[in-house]
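Novice: Using the UniProt record's numbering, the first residue of the sequence shown is number 1, and each one after it goes up by one.
Don't read these hints as lab results, they were simulated from the structure. Errors might be hidden in some of the hints.
Quick list of in silico lysine-lysine cross-link-like pairs, PhoX-like style, CA-CA up to 25 angstroms [unchecked claim]:
1) K92 / K115
2) K120 / K92
3) K196 / K179
4) K54 / K44
5) K92 / K54
Here are the in silico distance ranges between beta carbons for each label pair [stated by the list, open to error]:
6) L38 / H94: 37 to 47 angstroms
7) C53 / L102: 20 to 30 angstroms
8) L102 / T27: 55 to 65 angstroms
Ideal placement from N, C-alpha and C gives every residue a C-beta, glycine not left out.
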Amino acid sequence: RIQFASFYLEGQALAWFQWMSNNGLLTSWDAFLRALELHFSPSKFDDPIAALCKLTQTQGLQEYLSEFETLANRISDYPQSFYLSCFLSSLKPHLRREVTALQPPDLPTAIALAKLHDDKHRPPPFPPSRFDPPTVPSHSLTLPPSTTPKPLPPLLPTPSTKLPIKRLTEAEMQAHRDKNLCFNCDERYTRGHRCKP
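Please model the complete structure; the sequences and the hints are all you need to start from.
Specialist: Shown next as structure tokens:
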């Protein structure tokens, strides 16, 4: 039985079991249970009721819920109103006011309301953009075919096909300048000149 129980141990409990087993201190099932209880049971000076009453939310709601549930699980035979009162009085002040104002009838409802209000006050994961794109109305305006605007002609003439670029030496360039010729097509150069294709 002891070996079978050891399959369910992990972390600190498993390390304790291995040490006890290696030193021959677990001679029977009763010895195992007694040693387990002595080692892992809470101290006689540990008071979960006082700890639950003194608990206050100092971090996020999830961390507080985890602490609250851990302590509440160690207490039995108390009315639900006790747990509800402890839970509400331990919340951060702004959250306590919001949840108490809604008068939750029981602890599960109070926890759900606390989560809802905590999420409401949490900043969004990504701040909203200052430059949101304009929204388009769901019904688009359609014009009858006869009134659709015709495309306008381009403002600038379309460029002609590209001519091959001629590579000139320094001497050839100087000769073209002296004769006032185009560097590319050897025709007379004037302002607004365009090479012929």
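Novice: Which of the listed hints are not met by the structure?
Specialist: Nothing - there is no hint that the structure violates, so all of them hold.
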